[in-house]
Amino acid sequence: MKYFPLLWAALWRKKARTIFTLLSITVAFLLFGMLQGVNAGFNQAVEKANVNRLITTSSIALTENLPYGDLAQIEALPGVAGVAHASWFGPYYQDPKNFVFSFPVEPERYFGIYPELILPKEQLQAFINTRTGAVIGADLARKYGWKIGDRVPLHSTIWTKPDGTSDWNFDVVGIYENPTDRAQENAFFFNYKYFDEGRSFSKGTVGWYIVRVKDPTQSAQIAAAVDKLFANSPDETKTETEKEFQQAFLKQIGDINMIVTYILFAVFFALLFATGSTMMQSVRERVPELAVLKTLGFSDTSVLTLVLCESLLLCLLAAALGLIAAWALFPGLKDTLGVVKLPTVVIVEGVVVAVLLAFITGIFPAWRAKRLDIVEALRG
Amino acid sequence: MFKQTTAITSMNLRAIPQRMGTSWVIVIGIAVTVAVLVSVLAMVAGFSKTLSSTGRADRVIVLRGGSVAELSSTISRDNTINIMDAPGVKKDAEGKPIASAEMVAVVALPQRKTGTAANVTVRGVGAKAAELRPEIHLVAGRMFQPAVRELIVGRSALTQFKGVDIGSHISFRNTDWTVVGEFESGGDAHESELMGDIETVLSAFRRNLFQSVTVMLDSPDAFAQYKDKLTTDPTLTVDVQREPDYYAAQSKQLNKLLNFLAFGVGGIMAIGAIFGALNTMYSAVSARSLEIATLRAIGFGAGAVVVSVFVEALLLSLVGGLIGAAAAWLFFNGNTVNTLGANFTQVVFHLTVTPQLLVSGIIWACVIGVLGGLFPAIRAARLPVATALRAA
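Top to bottom, those sequences are chains A and B. Everything in the first sequence is counted per my numbering, starting at 1 for the first residue and increasing by one. Everything in the second sequence is counted per my numbering, starting at 1 for the first residue and increasing by one.
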C-alpha cells in the first residue's frame, strides 16, 4: 500500500496516453456490462425456474390447446401436489403496439402454484368472486396507471366472442408483486371462467398445464407418467421441467449467448492490443527510471510486481468506470429488451476479466522490467 | 505546398514499420468494430430480404380484422367464399378464382444445430396454390396428393430442422404424415415451412376454421377496389393487405432490435476505436516531434505536417476497415440462421453481406480515422519548433 503514490505517479506520467487507454478499457467494460447483462437477464428466467414445477404442453407445439378434462387426471397422479393451467390471450390495449402479456387462469390454482407472486389475501378473494376480475403486475399497473377498481378494455388478437367482436372488458381487483424477479411483474391474469364462456371457439380447452410435484427428485418420473396418461390420444402431451421449458423457449429466439460471446471476444481481442501497447511503451520510456529503482535496492521481483500492479490499477479503475456506466445505463434497455437491473454476477465477472486483462497485458512489460540490467539501462 | 506534403507524407508512411506496435492498435481496433457492425447488419439485411422477397404486389392476404398474424386469425368457410369471389380476383381458364384459403399449424421439430425443439409452420394450402404462387417449385420428390397425409418441405426448413427429409414421417394428433417432396421458392419465408392439402390438414387438427385467404388480383391496381369491396361487406370483418406490406410489417420488430444492437454496440465500439486511434496518433506525433520540428525549421509548412498525420491515420483505418469488412464477409456471408417470426414459428434466413454494407463499414472506418487523427494532427502543427529542438 505504501507504494500507491509511486504507482499513481507512474500511471499519470503521460497523461494523454493514460486517459485514452483508460477510456478504451472503460468503453470495453461498458459493452461487457451491457451485453453480458442482457444475456444474463434472459438466462435469469431459466436459473430462477422452480424445481418443483413441470410444464405440460401439447406434444405438437405450444400453440395447440389441451382439453380441460386432462386436469383431473393429472391431479390424481401420485406425487402431484397441485395443477394449474393458463392460456395465451394475446391482447393489446388500445393500440397493437401496446401488447399485454395476458392469461386466463383459475385464481386459486394459479396463485397456489406460483407462491412467488405476492397477492394480498382479500385481493385474491375478490379475484375469485369477480367474474370479470383481473389481477395485474405492479409494473404493468405503473405503465398504464391502472388502479384497483379501474375498468380496462383489451382487444384480443385471437379470441372472438360469438358476436364477432374481440373486445373484452375487465375490472382490476388486485395488483401482485414478484420480489424475486421484478421483470415478471408485467402479466395480466383474469378468470378462466369468464374467458371460456365468452369465447366463440375452442371452448373447454386450455393452453398448458403447470404441475407442482411434491418431491423434485421425482420430476422425471412424474413427467413421464403425465405423458403416458395421454399417449395415443388425439392430444398427446409433452411434460418437462420449468427450466427445460424456458431453455427451449430461449433457444427458439436464437443463440443470444453465441452472439454476445462473439462480439465480446472481438472487443477484448482489440483491447489486448490497445492496453498491451500502452504498457509496453510506458515501460520502454521508463527504462532509466526503473534502473534507478533497482539501483536504490528494489529487487527484480518487486519491480515486476510494481509494473504488474500499475497495469492492474489501470484496468481495475477503467473496468470500475465502465461497469458503473453499464449499471447506470442498463435500466434504459427496459423498453427494448425487458430487462430491469444489471445482475450482480455480471459485475463480479467484469472484475475477474479486468484482473485477467491486467495480468495478460502487464506480464510482458513486467518481465522486461524484471530482466533489466542496471548498467546497460543507465548507460542507454 | 503540394510537393512538401507528398514529401512529408511519404517519409511518414515509410516510417510506419518502425511504429508497428502502436499502429496495430488502430488497425485492429477499427477492424473489429467494422466486423461486428457489418455482421450484425448482415443479419438485418438477410432477414429483410427473406421477408421482403415473400409476396408480390398483385397478391393480397386477407386476415380476420384485428389479428396481427395468420396464427391468431380465424375465417369461417362461408367467409372464404365471399373473399375469393369478390371482383378483382384473377380467374383461371375455367373461371375459378386463383386463390387459396389456408390454415397454419405449428409443429415442434428439433433444430439440427442444437437439437432443441423449434416451432415450424405446417401450412394447409388450397387446390389453386400452385397457380397462386408460381415461384414455388419442387426440386426433389413429388407434390403432395389431396386427401392423403403427405407434406412437402421447404429447402430452408430442411437445412435447419431434423426429421423432415423426403421419406420421413411426422406424426401429430394420431395421424401419420409422410414428407414426399422438397420445394424451393427463392429463399422467401415460405421456404421455412411444410405444406400439405388444406382439407387433410384441417381434419387432422380437427379444425373447421381457416386462418387466411391469399388471392391473386387481375392487376396490382385492382387492390383498392378489392379492399373496398371486402371492408364494406357487412358479413365480413377482415384486414386486407398486399403481401409485401404484410411481410414487411413482420420484419419491423426484429429489424428494430438488430439495428439497435448494430448501431448501439457498433457505436460504442467506434468510440473505443477512436480513443485507440487518438492514442496511436499522439504517440506517433510525439515520437516524431524532433523530425517535425526540424522540417518546420527548414521551411516546411504547418499544413503539410497536418496532412501527413491525417493521411497516416486514414490509411491505417482504411486497412483496418478492409480487414474488418473482409472478415465479416468471409466468416458470416451466407450463414444460415433462424429465429421466431410473427407466426410464433421459425423463419430461416441467410446472413447477407451486401456490397453496400461493405462500403458503409469502410466509411465508418474512415470516419473513426479522421476523428482519431484530427487532434494529433493539430498538435503536430502547433508544436513549438524551438522547444522541440531543444528537448532533443
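Note that these hints are calculated values from the structure, not bench results. Don't take every hint at face value.
[To be verified] Partner residues are not named here, just some residues of chain B that face chain A (Cβ under 10 Å, in silico):
1. Gln111
2. Lys113
3. Val139
4. Phe300
[As the list claims (entries may be wrong)] Here chain A is said to cover these stretches of chain B; the calculated rule only asks that three of the stretch's residues, wherever they fall, bring their Cβ under 8 Å from a Cβ of chain A:
5. 25-32
6. 102-110
7. 169-177
8. 184-190
9. 340-353
These figures come from a predicted structure and were not determined experimentally. Just so you know, even glycine gets a beta-carbon here, dropped at the ideal spot from N, CA and C.
- Violated hints - listed by number, lowest first: 3, 4 and 8
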